[in-house]
Amino acid sequence: MMCRTILSALPLSLLLASSFSSPPSFILLTSAAHAGVAAMTYDRQEQRVGPLPWDKGQTPIQESYAGHLQTREWKLKDGKMGDARTFYWFFPAIKPKVKNPPLIIWLQGGPGSSSMIGLFYENGPIKMTDNMKLARNNNTWAEEYSMLFVDQPVGTGFSFVDNGDAQKKKKGSKNKDNDDDGDDDEDEKETRSKDDLDRELEKDQERESAFFSSLPPDQSFYAKSLASKQDRQQQNSSSFTEGGFVKDEAGVVQDMLFVLDQFYERYPEQLKADLYIAGQSYAGKFVPSIAHAIMERNKRYSQKDLAEEDPSPVATSAFPTPKKAVIPIKGLSLGNSMTDPITQIQYYADQAYYLGLLTSDEWKLMKEHQRSAVSLVEKGQFLEANRYRGKIFNMFRNATELNTFDIRKGSHPMNWRLMDQFLNLPKTKDSLNIYGPRTSYMKNNPSRFSNQQIQAIEKGREQTKFKTDPQVKQAMRGDIMRSTKPLVGDLLKNKVKVLAYQGMFDVRDPPAGSTPWIEGLDWEGKDAFLKSKRRIWKVNGFVAGYVNSAPAGGVTKKEVETKEKDVEAEASGGDDGSGLTRIVMWGGGHYTPMDQPFNSLVMIRHLIDGTGLDLS
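The sequence shown lines up with residues -21 to -1, 1 to 595 when you count with mature numbering (1 follows the signal peptide of the UniProt record, and there is no 0).
Simulated from the structure, these hints should not be mistaken for laboratory data.
It is possible that some hints are incorrect.
[What the hints assert, rightly or not] Taking lysine-lysine and the DSS-like style, the derived pairs with C-alpha atoms no more than 30 Å apart in a straight line are:
1) K505 x K278
2) K59 x K472
3) K208 x K472
Full structure from sequences and hints, please.
Following this line, the structure appears as structure tokens:
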């Protein structure tokens, strides 16, 4: 979240450009560049990460890049311009095995969870020690693959929305129980008065519910959802609140495509690397939405066509449109994902009851809440359905007081305190180029940065906090109960590899609710996947999990029936990671790569490199 009370509410680019005669190159924006006359050029060292405090005996990582990328600007009611920026931290592969190592984009869930959680606690190359020093993660995915960690939607972590609202900019929440799939504190929501955002979301719900009711009653929920999405596009329905926060997956996609185009313009060598998008929890909706949008844009690609068909929603005279390119999307990884809420919500009560965590009366009441939520979703009343989802989680917490991310933790919550403190240190923010290049870089380039510019950037850096604005989640309340399941099926049809895994001790997005939507994916390998034998997966002789899979392209139903043995052998995990692979991870909770780091590394190698799993 961005907290600025002294600097102008204008975007930094306009602030500096209007205040000084020669703005620094990272925001040097000209009408010629906007028109495509001149390409944007970057000094790679400008966003190189500076010194970090490594623990004794640790070997520092020599090369990584971090900072903000322009994301969106819009006109506010008072005529001023709102400004949104996305923070990223990029690690080129540390010890790549191939010339152009694959790139993994990691997205946390929430909505509103910082991907720094994944970086520091799950699969990133850095982990935090108790004395707030850094150590190397021996099981990082960044050893042989490049990794890009992104704080999104804007307002998450170091990414910010500057909409001139000084009061709201003072708010924010630490990244405590993050990756919470958007369940609200229902008691808090019911006591606070309605604000402009509430009314805006309720109007959206009224329009969509009316559209749903106009469709044939025998039409499937997924077909109605697709028709509703197309209707919103035709009506030019905004995917952003008046304050600049994202409301739905269309907004997520719009922002992320613009950010990725800038990323590839800064690091063009990454266009030669296969792209895999990975994430967990609510990223089970972010990941397929972004991957599908990339796939569809690639299909209609030509530089001319993209410029005409996909005009930048953010390009203004303030900053240029980055060059669009074919992005080599190859696969996605969905960890403990919330992908198909209408299906997944139907399994919470049974799971809790059969674990002995609910009484019969509590089970019955939770089942009633589930039925109410499903009924509302089927009517297109997603906002109201999410309120029932909040009731379900509040009921579980009140009945059990357990950590829903991992019931083995009992009542102990997830704790990212050290990360929060470390990232808010002035030296850390300077090294990560928060709000602008680190001070040492600017002082070493006096021809490009005046003392006034340096002071302005340092002031902005001081007031930029690592927090998540509560409006990130509040703005997406109407999106939470929507499904992205059809997108996953369509990606599989187009030979994009999919890995779906769940830690077995997660009760928030557990295996029980994931099985039906994964088995129900519509693609040519569906029959083979349903027929596949579940195999026991071992690592170093010990059980690591349980695997079902079907190769890319799948097999026909007739082949399944007539060649059952051959099909089972082919579709039981002995393939090269193509198609669909589903893993239930032994010893894992919601944060599976944190709980089972080495096994998770073996798993991601299977997806990307096709290395075999030890199955029996």
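Original post:
When the hints from earlier in the document are held up against this structure, which numbers fail?
Top reply: 2
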